[in-house]
Amino acid sequence: MSQALLLQAYRRAIRLVFNLVVVALLVGLFVGAWRTFLELGFTFTEPTVRLGLKELVTNVLSLVVLLELVRAFVEYFEVDRVRLEILLEIGIALALREFLLLLYEARLSGMDVFFWGLGILALVAGRTLAVQFPPRRAG
1 MSQALLLQAY RRAIRLVFNL VVVALLVGLF VGAWRTFLEL GFTFTEPTVR LGLKELVTNV
61 LSLVVLLELV RAFVEYFEVD RVRLEILLEI GIALALREFL LLLYEARLSG MDVFFWGLGI
121 LALVAGRTLA VQFPPRRAG
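Under the UniProt record's numbering, the residues of the sequence shown are numbered 1 to 139, in order.
Misleading hints may appear alongside valid ones.
[Unchecked claim] Dumping the calculated EDC-like pairs for lysine to aspartate or glutamate here, alpha-carbon to alpha-carbon at most 20 Å:
id: 1; residue 1: Lys54; residue 2: Glu98
id: 2; residue 1: Lys54; residue 2: Glu39
id: 3; residue 1: Lys54; residue 2: Glu105
Quick caveat, the hints were computed from the structure, so don't treat them as lab data.
Please work from the sequences and hints to get the whole structure.
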């Protein structure tokens with residue numbers, strides 16, 4: 001009896017923590033989106049257009065990564081597991097963000113671009129395989 005009670009307390013604690021994380025991520029997402037819209041004016045006031053656009057691209061790509069994280073947590077609540085497909089999508093979004101920022105700053109050589117492209121291609125291939133071959137349910 002005490003083991004079942006302990007397991008129930010554990011599940012409630014996990015639900016509470018995940019709810020708090022989702023709320024924090026949603027607040028961060030809305031604040032980030034709001035600040036991105038407020039900072040649109042910097043695109044015109046920065047000394048060069050390139051600096052203004054760099055900030056805009058950085059903010060938008062960060063919001064995409066955050067949006068994918070929120071989706072992963074919501075998915076966990078719906079099916080009580082994290083799907084590999086969603087984790088790989090987060091990895092793709094994060095890798096694309098970092099790659100585009102490095103590319104925008106012109107800090108990549110030809111081989112760096114090749115290896116970044118290879119890594120992103122591997123993530124996309126993994127996601128494609130995860131969609132094509134979903135795990136079988138026991139039952």
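Structure-based check of each hint:
Proximity of lysine 54 to glutamate 98 is assessed by CA-CA distance (about 12 Å); at most 20 Å being required, the pair is judged to hold. A threshold of 20 Å between alpha carbons decides the hint, and for lysine 54 with glutamate 39 the separation of about 12 Å falls inside it, so the pair holds. Taken as a hint, the lysine 54 and glutamate 105 pair is honoured in the structure, with Cα atoms around 8 Å apart against an allowance of 20 Å.
The structure shown violates none of the earlier numbered hints.
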